[in-house]
Amino acid sequence: MVVIVFFQLVVLQQPIPNLGELLLGTLFVMIGLALFVKGLEMGLFPIGETMAHAFARKGSLTWLLLFAAALGFGTTVAEPALIAVAEEASEIAAAGKVIENTPEAMESYADGLRLTVAVSVGFAILVGVLRIIRGWPIHYLIIAGYIGVIIMTAFAPPEIIGIAYDSGGVTTSTITVPLVTALGVGLASSIKGRNPMIDGFGLIAFASLTPMIFVMGYGMLI
Amino acid sequence: MSLDTVFALWHTLIGTIADVVPIVVIIFGFQLLVLRKPIPHMGRVIAGFVYVLIGLAFFLEGLELALFPLGKLMAAQLTDPAFIADIAGVAKQMAELDWKDYYWVYLFAFSIGFSTTIAEPSLLAVAIKANQVSAGSIGVMGLRVAVALGVAIGIALGTYRIVSGTPLHWYIIAGYIVVVIQTFFAPKLIVALAYDSGGVTTSTVTVPLVAALGLGLASTVPGRSTLLDGFGLIAFASLFPIMSVMAYAQLSEWRAKRASRSN
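Protein chains in written order, with the working numbering: chain L, 45 to 266; chain Z, 14 to 276.
Don't read these hints as lab results, they were simulated from the structure. Please note: incorrect hints may appear among the correct ones.
[To be verified] 30 Å max Cα-Cα, derived DSS-like pairs, lysine-lysine:
no.	chain 1	residue 1	chain 2	residue 2
1	Z	Lys50	L	Lys82
2	Z	Lys85	L	Lys236
3	Z	Lys201	L	Lys236
With the sequences and hints as input, model every part of the structure.
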């Protein structure tokens, strides 16, 4: 907020339009954040952790992995930021003559991209949960992912690279992040020999890495 | 508060609820069909969800009122050729502008990266969790500032890349190499959290503003295509926090060591 006011007055030397709206908006932001944090502590964190404990007690790996993949896929496929990025990507593809410049072709391209990212996030959470259970060190998996990204960059069409790199960042929404974090920490603390700090975090990291690889793969196939 | 605002708030709330439906279906589906156990403190959990939804609706609507229109307008004004040529002083032609003449853009990118990240709700959530898990040794504000600095540096460098027109993947590969090297020297406890902080930084607040900045800049600078060069800022914003969080942990470890040695 301070940044906006400074640049508006000092650098651009223009008055601030709608001062009332600015103040009301600031008030809304503060109320919203306070309610969000309260809701986190009451709802999202406890449900993520109790489910993690329940799955650990049940001892069925298949169901846990299925749940992880479903959570990753389900929360990503409807993510508004992803829908926006997929639409822009279809415009780029149409302009670059990768696909036909018709609304139908663009829509099917955007839907395909959206599904690709959602599948890759589901896969990422699945691998991440498996890592927590097995106790694999995170950095080997991440480094392997980085190598995957670099190899794919060499082969993917140049138009898709910028979008692919960006798609890693936009997948994880404000509601997914606390839920997935609580799930990871809950799992790591209910399995013997796992440290919640070392093993519990890292699910989000996978979810931001795999979409890059999958989207570049999608760009190569189409 | 005008009627329009109430209406818009309601609209945002409906949108947020629609985003949550798949999550709720998955959670309750698995809870009832697979785990077959009632959820403990059911009422409290539901109340928590309601708080999160209303909170997010207020938050987004507040941004829509206060920050987004002005931020997007400013991104457009700052990248306006007339403004940049004016700041550069001499009446240079657009094509002759050096990358140095865009310094206000870098500064704006840095500050917008920092301030939007501090306000990011998902980062706040992860910081609260990390603080609980580490029994207080990772400060909520310390982590948020470390991540925000990373995003700020990342976006400033990203705007430089758009102005200079250098290929995105070289920056990202170089960043990966630094991250890998840092991983072997950083305290083990922080590594997973640092990797996570790359992904959480860019959501509700940061993405729209940063995207507006990138696209505006790419359409202003001569010889850049909006389609090819406008993207990539988010990638910078997801990579640099990993480095800054590990650096923050290394710095605090080093300071703790030095303090214990002097005693």
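Verification of the supplied hints:
| no. | hint | result |
| --- | --- | --- |
| 1 | Lys50(Z) / Lys82(L) | holds (25 Å) |
| 2 | Lys85(Z) / Lys236(L) | violated (50 Å) |
| 3 | Lys201(Z) / Lys236(L) | holds (19 Å) |
Checked against the numbered hints listed earlier, the structure breaks hint 2 alone; every other hint is satisfied.
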